[in-house]
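A.B. asks: Add chains X and G to chain Z, keeping to what the hints say.
Okay, here's what each chain looks like letter by letter:
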Amino acid sequence: MANNADTKVRERNKRYNKYVKAVTPSSAFIKSLFNAFWVGGLTCTIGQLFGDIYRLIFPDLGEKFIVNLSSITLITIAILFTGLGFYDAIGRKGGAGSFLPITGFANAMASASMEFKTEGLILGTSVKLFSVVGPVIVNGVVWSSVVALIYYFAMGVIG
Amino acid sequence: MSTVNTIYRSKSQEKIGFQTNKKINPNKKIAQQNSQLLVFDCPPHIIGRMSIVGKKESQGPFGKYFAKVEQDDKLGEKTFEFGEAKMLENAIIGAVSDAGLNISDIDLMIAGDLLNQITSSSYVARDLNIPYFGMYSACSTMTECLTIASSLLSAGHFKNIVCATASHFATAERTYRYPLEYGCQKPPYAQWTVTGAGSSVLSTEGEGPVITKALVGKVVDFGTNDLNNMGAAMAPAAADSLLTLFAQTETEPKDYDLIVTGDLGKLGSDILRDLMREQGFELGKNYIDCGASIFSLDQNCYQGGSGSACSASVFNSFILSKMKEGVYNKVAYFATGALMSSTSCYQGETIPCISHGVIIENNGDDLCYWKN
Amino acid sequence: MLLEKLIAYPIVFVVGGAICALAQILIIKTKLTPARILVIFLIIGILLEGIGIYDPINKFAQAGISVPIIGFGAALTRGAIKATAKYGFLGAFAGGLMETAFGIGVAIMASYLVTLIFSSKSKQ
Chain Z
1 MANNADTKVR
11 ERNKRYNKYV
21 KAVTPSSAFI
31 KSLFNAFWVG
41 GLTCTIGQLF
51 GDIYRLIFPD
61 LGEKFIVNLS
71 SITLITIAIL
81 FTGLGFYDAI
91 GRKGGAGSFL
101 PITGFANAMA
111 SASMEFKTEG
121 LILGTSVKLF
131 SVVGPVIVNG
141 VVWSSVVALI
151 YYFAMGVIG
Chain X
1 MSTVNTIYRS
11 KSQEKIGFQT
21 NKKINPNKKI
31 AQQNSQLLVF
41 DCPPHIIGRM
51 SIVGKKESQG
61 PFGKYFAKVE
71 QDDKLGEKTF
81 EFGEAKMLEN
91 AIIGAVSDAG
101 LNISDIDLMI
111 AGDLLNQITS
121 SSYVARDLNI
131 PYFGMYSACS
141 TMTECLTIAS
151 SLLSAGHFKN
161 IVCATASHFA
171 TAERTYRYPL
181 EYGCQKPPYA
191 QWTVTGAGSS
201 VLSTEGEGPV
211 ITKALVGKVV
221 DFGTNDLNNM
231 GAAMAPAAAD
241 SLLTLFAQTE
251 TEPKDYDLIV
261 TGDLGKLGSD
271 ILRDLMREQG
281 FELGKNYIDC
291 GASIFSLDQN
301 CYQGGSGSAC
311 SASVFNSFIL
321 SKMKEGVYNK
331 VAYFATGALM
341 SSTSCYQGET
351 IPCISHGVII
361 ENNGDDLCYW
371 KN
Chain G
1 MLLEKLIAYP
11 IVFVVGGAIC
21 ALAQILIIKT
31 KLTPARILVI
41 FLIIGILLEG
51 IGIYDPINKF
61 AQAGISVPII
71 GFGAALTRGA
81 IKATAKYGFL
91 GAFAGGLMET
101 AFGIGVAIMA
111 SYLVTLIFSS
121 KSKQ
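Chains as they are written, first to last, in this note's numbering: chain Z, 1 to 159; chain X, 1 to 372; chain G, 1 to 124.
Isolated chain Z, as found in the complex (with noise of 0.2 Å):
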């Protein structure tokens, strides 16, 4: 859409949005970069953990599986403390912490199924249920795809 054609108006935008991001007052920097800090930290810090503990507790299981079984208990944490309503607290405080491990994958998920509960469980839940983390696996599946295919073709080639 053509809007704002008039360069008049444009250059008044532009120093309106200078203006505005001179007065607007951003997050106390060095408070929120603590916050995501110790709260991420803290998250890898318990999937460590859990991963000790289970390698204690099954010592025959295979690596790969220890690794699993431990983002699942992750996962499963994160979904139940969603359910009881306070995951956002976290988030609310950890920002970039809390999102950004698996933790906040399995909260998004978690969250969009139960708020679209309203609209039922097939055309709520089972709908929105990847509305916020279906851009993380969409584009999972495709950069991973292309970085197996280079990886196919480049073999192809060379032996």
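Keep in mind that the hints were calculated from the coordinates and are not lab data.
Glycine is no exception: its CB is placed at the ideal position from the N, C-alpha and C atoms.
The reader is advised that the hints may include incorrect statements.
To be verified - Covered by chain G, according to a simulated footprint, are these stretches of chain Z (three or more residues, beta-carbon under 8 Å): (1) 17 to 30; (2) 85 to 97; (3) 120 to 132.
Stated by the list, open to error - DEER-style ranges, computed between Cβ atoms: (4) Z:Glu11 / X:Asn363: 41 to 51 Å; (5) G:Gly105 / Z:Val9: 45 to 55 Å; (6) G:Lys5 / Z:Phe65: 15 to 25 Å.
C.D. replies: Coordinates of chains X and G only, in the frame set by chain Z:
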């Protein structure tokens, strides 16, 4: 989170720049070209009012003025959407009984809300079984309703009209942002949607303050596209409408006992002060913003409240109470609305905003040609 | 052995925390939405695995890098490459999801169960 009152930069810095508004003769009642101002010959009276808010709003500075506080976010209904509709219905019924009327005495209901296709209002209109106009003007819905109602009443088409609007934190979050339980940070310049409803009954007869003038706003877009920074997007619209009002009525801020804007929030109202100062109008102590004042600083609401019920609930409680007491006799009420949708913003559009205003006076001239 | 495990914890904390803090800087400075940040870090993970330096980092930082979404991206790529070796061309499209099926499956199931029990609450 620090916002200060004087964010205005020194005069040497470049001005943002507004187009100057055309002056018209405010005493001339017949329609004039290029006039955004409506002057009502038969100014309608606000004879009934009702405000309902949620728990959080009741803990704010205006808490004691609200007529009713809902402790349950769903009002005992199945979903938040039904709860919002119930709240709107309660507000309308409350306002009508405050006016000493029955629902059957109401000739027209003009209402709006923030949900897609303004469903809350429409369902309430279905249940109340009265003629209905649905309005959507985002957070300036209340003033748009009052403007249309006043025009219809002044022309003598109806006798009693009820205007109402509602918004709900839980439904607005879902419509405009993320699921409620999704853990993400809001930036410090975000605003908190008010859970509440406000309703006024306007009538050609009766006691109460009168709506003497209304100003139809233009859509103003200063090219901001941050969905969280509504105050900055809407401030130019408020400034545009206020400047038009001052130009077309040949008044200035000190001619009003109170100038109220809708939900600019702390940041937005500071920006509005700056924009007005640039044009030579100083908004002094007689200017308040409902969004900036509805929550107190310790309530974790970033820049303050937003939502159509923000100004509607404050107007129907605090402002009309104070007018009744005679503290304020002439009030300019300019709610502001951001007319974007998440679709339009994802497609790269900027945020168009509007501000409609009404002038409410305790003593208005009644020059009605069809009364008596 | 035990000492080695204990030493890992501060490393996990610092690396995990640093990655999240980096994402936080991106949020504050660029105003990108969480979804975009997630995709950016996911792609970082995919690239790290693609050029083969994810594994050494993971040996050093362990959960510090595998718990953030980077680990998810790396797992997708690892699976895709592995499946390509095994099944050929078509493996590239299936491998990623095969590798991460545990997490996604459990997340879907748990979300569904939680939805049956709880509802969203309005916030104060």
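A.B. asks: Hints first: check each against the structure and report whether it holds.
C.D. replies: Each hint tested on the structure:
Only residues whose beta carbon comes within less than 8 Å of a beta carbon in chain G count, and the segment 17 to 30 of chain Z has 3; three or more means the coverage holds. For the segment 85 to 97 of chain Z, the stated coverage by chain G is satisfied: 6 residues place a CB nearer than 8 Å to a CB of that chain, which reaches the threshold of 3. Beta-carbon proximity to chain G at under 8 Å applies to 4 residues in the segment 120 to 132 of chain Z; the threshold of 3 is reached and the given coverage holds. Remark: the range hint 41 to 51 Å for glutamate 11 (chain Z) to asparagine 363 (chain X) is upheld by a beta-carbon distance near 45 Å.
Between glycine 105 (chain G) and valine 9 (chain Z) the C-beta distance comes to about 53 Å, which sits within the given range of 45 to 55 Å. Between lysine 5 (chain G) and phenylalanine 65 (chain Z) the Cβ separation comes to about 19 Å, which falls inside the hinted range of 15 to 25 Å.
Of the numbered hints stated above, none is contradicted by the structure.
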